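Generate the whole structure from the sequences, applying the supplied hints.
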Amino acid sequence: MFEQASQPTKTHHRLLWLAVYFPRLPLDALTLNQAGTTPPTAIYETQANRQRICALNTSASAAGITVGQSYHAAQALVSGLQALPRDLQAEAACLQRLAQWALKYSSSVHIETQGLVLEIGGSLKLFRGLKNLAHELPDALTSMGYQVNTGVAPTPLAAILFARAQTQTMVTQHDMLHQRLARLPVAVLQYPQAQLATLNGLGLKTLGDCLQLPRAELSRRLGTRLRHDLDKALGVMPDPRPRFVPAPTYFGKVLLPAPVTEVEPLLFLLQRLLGELCGFLQGHGSGAQQLLLRLLSPHGQDQDIQLALLKPSRNPRHLLELWKEKLERQSLAAAVEGLELHVPKLHPLATVSADLLQDLEQVSEDLNQLIERLRNRLGADAIQYLQCLDEHRPERAAQQSTTFPTQPRPANAPCQTMALRPNWLLNEPQALSINEGIPEYFGCLTLLEGPERIETGWWDQDSVRRDYYIASNPRHQRLWIFRTLDSQPRWYLHGLFS
Amino acid sequence: MSLHSVLQHPLIWQGKEHQFHARRSTTTGQGWPSGYAQLDNALPEGGWPRGMLTEILFDYPGQGELQLIIPALARMTRKGHTTFWIHPPFTPYAPALQRQGLALERLLIVNTSQRQEDDLWALEQALRSDAAAVLGWPQKLGDRQLRRLQLAAESSGASAFLFRPAGSANRNSPAALRLHLEQMDKHLRLHILKCRGRLFTRPLELTLNNPA
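If you read the sequences in order, they're chains A and B.
Residue 502 in the working numbering sits at position 493 of the first sequence, and the numbers go up by one each step.
Residue 1142 in the working numbering sits at position 43 of the second sequence, and the numbers go up by one each step.
One or more of the hints may lead you astray.
[To be verified] Cβ-to-Cβ under 7 angstroms is the rule here; a few derived chain B residues that face chain A:
hint, residue
1, 1160
2, 1161
3, 1162
4, 1165
5, 1190
6, 1195
7, 1206
8, 1210
9, 1221
10, 1228
11, 1229
12, 1282
13, 1299
14, 1303
[As the list claims (entries may be wrong)] FRET-style restraints, in silico, Cβ to Cβ:
hint, chain 1, residue 1, chain 2, residue 2, range
15, A, 177, B, 1143, 31 to 41 angstroms
16, A, 377, B, 1268, 35 to 45 angstroms
17, B, 1243, A, 398, 38 to 48 angstroms
18, B, 1129, A, 375, 19 to 29 angstroms
19, B, 1266, A, 137, 56 to 66 angstroms
20, B, 1136, A, 134, 55 to 65 angstroms
21, B, 1298, A, 357, 54 to 64 angstroms
[To be verified] Quick list of in silico lysine-lysine cross-link-like pairs, DSS-like style, CA-CA up to 27 angstroms:
hint, chain 1, residue 1, chain 2, residue 2
22, A, 335, B, 1239
23, A, 113, A, 140
24, A, 113, A, 262
25, A, 335, A, 354
26, A, 320, B, 1178
27, A, 320, A, 333
It should be emphasised that the hints constitute simulated quantities derived from the structure, not laboratory data.
No experiment lies behind these values; they were computed from the predicted model shown.
Positions of the beta carbon are idealized from the N, C-alpha and C atoms, including for glycine.
Printed below as a string of structure tokens:
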């Protein structure tokens, strides 16, 4: 009998499964669903030449449409109804992305019909207990725009059945399993309509009704499938499932129900994609450094937007902010139908335990993110570091570079001279006019100090022979000027003492 | 007996006035010591205010406006703090800055295009970060924009130094500290137009560290 067989075995009692069921997947895989802001939208599927509604958004259900209604009835009920055919391919792709994302909760993720199952027995400690994990995961999915139901059980199939029943059941003990499964309606098995009708015809309304029948009788009358499923759900029969293996690169794609010309709805979609990407990266122990976003438009007008980071990252908020900055300043050349997010290469990124994180490291992480934001908007060479070089020519004694000076010579690239140097240098020396032999810059200049002779560089093209002076003018500006040492001396302004 | 061993003796008191000042400023105020004792004494925070705007108004570049804050910048950068220079009007000259003790790897020069909105955006972003000081040379600033920058500085505690033409002295400003520089022959005259918590009737006469 089932009762006896459902005794927990040693191999099973430590495993715990969390199933996620996406009741609205046909819709969620295709559209973005912002409550209230979108027009009533429904997805229909064709079965035996009849078109029936299989998923709908909140504004459609508010208008009175229900799942299972015929397509024509729904059209008649709501005049502005946006009805789309079901796209199984998009749903499969969506589940793949979600499975990638779910890797951050467990290394053992399995794809189900319209859902996922995760082995979470080993992750409970990491997520501080079942309650935390069982809340965090669906909350994260909901914020990405998915409608979800979850179930927890010691066997994967039982967890799936609980999730489908939409009762948020959590069973951790084997001995409770039989009792809780017995309450579920047979519909959660999601068998073909005809078979469910047969069960109904026999008066079998719940799984409990089925479990009460003698096993041999059950197989003979209803085929072996039901018996096997019940055995798997109870953990009597092994239920091996192929583990989801992530791709070594990330590719995510979402399509919009209707083309848009504004950036706002794109950001919503992008947020979802980035959330999925970062979960995937976390599960992989890696980060993304080069990202490519493709805005899909009809007639081959796709636009590509690249994002290059200083350091690999898997912080969805940071990434979204960078894209947002780019997108908001980009004019959409054509209406956008969907987004593709591609990360061609994954970079290893160590998981840093939050407790061990030093304040200082956090600080430099913030700084890196700021530099990325600035570069993202102002251009790759907008941020520059200063460096001293071992050079006598004033214009060559300093250098600006876009990368952090990796070896700041501490005592340091001995700035060649101890003579006074101005805080500001002009990019190019500026020729000064001469009035009766005296150089002028907003009035006659008075020489305060000098000359300091700089005569160098004869070995290359740019030889320098100059006498530098510190001068002031009637405006009280302190200037760094020089006179060339050749047959026709000229005066130049080279810097400002500020 | 050498002078060195005398100085080592615990009973020998050395009038290290600058140390005294440094200690005083860390206990009584939150500001960054400016490196000018006279100025630190005058300012209620014992130095350049943190988390607030400081406006430095001057007529022409090259009057010592940068020199005024260089000692503070040197102190910040050597402690490992970052300073941002948003769109400076000329190239900051590395040898001069290094000579005055700035750790160059802590200076970040942000070159924006000529667009004012980029300058303001970058200023605000930098002010919201954990940088110790953000320097800006904004062209025109409205009331609202100044207020935004003030809020940004408050949120992070960064010191904001805005270098502005003397002509804006008459306009209202939420800045905590407003100074107008006047270069005299040998020294700098500092008119303190506004200082939160203190009223100044007479200007400060300051001799800069790097007199030229």
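Here is what the structure says about each hint:
With its C-beta approaching chain A no nearer than about 6 angstroms, residue 1160 (chain B) sits inside the 7 angstroms limit, and its interface hint holds. Contact between residue 1161 (chain B) and chain A, as hinted, is supported at the beta carbon level, the nearest pair being about 3 angstroms apart and thus within 7 angstroms. Hint status for residue 1162 (chain B) relative to chain A: holds, with the closest Cβ pair at about 6 angstroms, below 7 angstroms. Interface hint status for residue 1165 (chain B): upheld, as the beta-carbon distance to the closest one in chain A is roughly 4 angstroms, under 7 angstroms.
Interface hint at residue 1190 (chain B): satisfied, since its Cβ lies 5 angstroms from the closest Cβ of chain A, which is below the 7 angstroms cut-off. A least Cβ separation of about 4 angstroms between residue 1195 (chain B) and chain A falls short of the 7 angstroms threshold, and the interface hint therefore holds. A least Cβ separation of about 6 angstroms between residue 1206 (chain B) and chain A falls short of the 7 angstroms threshold, and the interface hint therefore holds. This hint holds: residue 1210 (chain B) has a C-beta 5 angstroms from the nearest C-beta of chain A, less than the 7 angstroms allowed.
Evaluation of the residue 1221 (chain B) hint against chain A yields a held restraint, the C-beta minimum of about 6 angstroms falling below 7 angstroms. For residue 1228 (chain B), the interface hint holds, since its Cβ comes within 7 angstroms of a Cβ in chain A; the closest pair sits about 5 angstroms apart. This hint holds: residue 1229 (chain B) has a C-beta 5 angstroms from the nearest C-beta of chain A, less than the 7 angstroms allowed. Against a cut-off of 7 angstroms between C-beta atoms, the interface hint on residue 1282 (chain B) holds, since the closest Cβ of chain A lies about 4 angstroms away.
The closest approach between the C-beta of residue 1299 (chain B) and any C-beta of chain A is roughly 22 angstroms, which is over the 7 angstroms cut-off, so the hint fails. The interface hint given for residue 1303 (chain B) is violated, since its Cβ lies 17 angstroms from the closest Cβ of chain A, which is over the 7 angstroms cut-off. A hinted range of 31 to 41 angstroms is violated for the C-beta pair residue 177 (chain A) and residue 1143 (chain B), which are about 59 angstroms apart. For the pair residue 377 (chain A) and residue 1268 (chain B), the beta carbons lie near 38 angstroms from each other, so the given range of 35 to 45 angstroms is met.
Here the CB-CB span from residue 1243 (chain B) to residue 398 (chain A) is close to 43 angstroms, well matched to the stated 38 to 48 angstroms. For the pair residue 1129 (chain B) and residue 375 (chain A), the beta carbons lie near 21 angstroms from each other, so the given range of 19 to 29 angstroms is met. A beta carbon spacing of about 60 angstroms between residue 1266 (chain B) and residue 137 (chain A) agrees with the range 56 to 66 angstroms that was offered as a hint. Here the CB-CB span from residue 1136 (chain B) to residue 134 (chain A) is close to 58 angstroms, well matched to the stated 55 to 65 angstroms.
Hint check: residue 1298 (chain B) to residue 357 (chain A), Cβ distance near 60 angstroms, so the stated range 54 to 64 angstroms holds. A distance of roughly 26 angstroms separates the Cα atoms of residue 335 (chain A) and residue 1239 (chain B); the hinted pair therefore holds under the 27 angstroms criterion. The straight-line distance between the Cα atoms of residue 113 (chain A) and residue 140 (chain A) is roughly 17 angstroms, inside the 27 angstroms bound, and the hint therefore holds. Between residue 113 (chain A) and residue 262 (chain A) the alpha-carbon distance is near 20 angstroms, which keeps this suggested pair within the 27 angstroms criterion.
Among the hinted pairs, residue 335 (chain A) with residue 354 (chain A) is consistent with the structure: their alpha-carbon atoms are about 22 angstroms apart, no more than 27 angstroms. Among the hinted pairs, residue 320 (chain A) with residue 1178 (chain B) is consistent with the structure: their alpha-carbon atoms are about 24 angstroms apart, no more than 27 angstroms. About 19 angstroms separates the Cα atoms of residue 320 (chain A) and residue 333 (chain A), which keeps this hinted pair within 27 angstroms; it holds.
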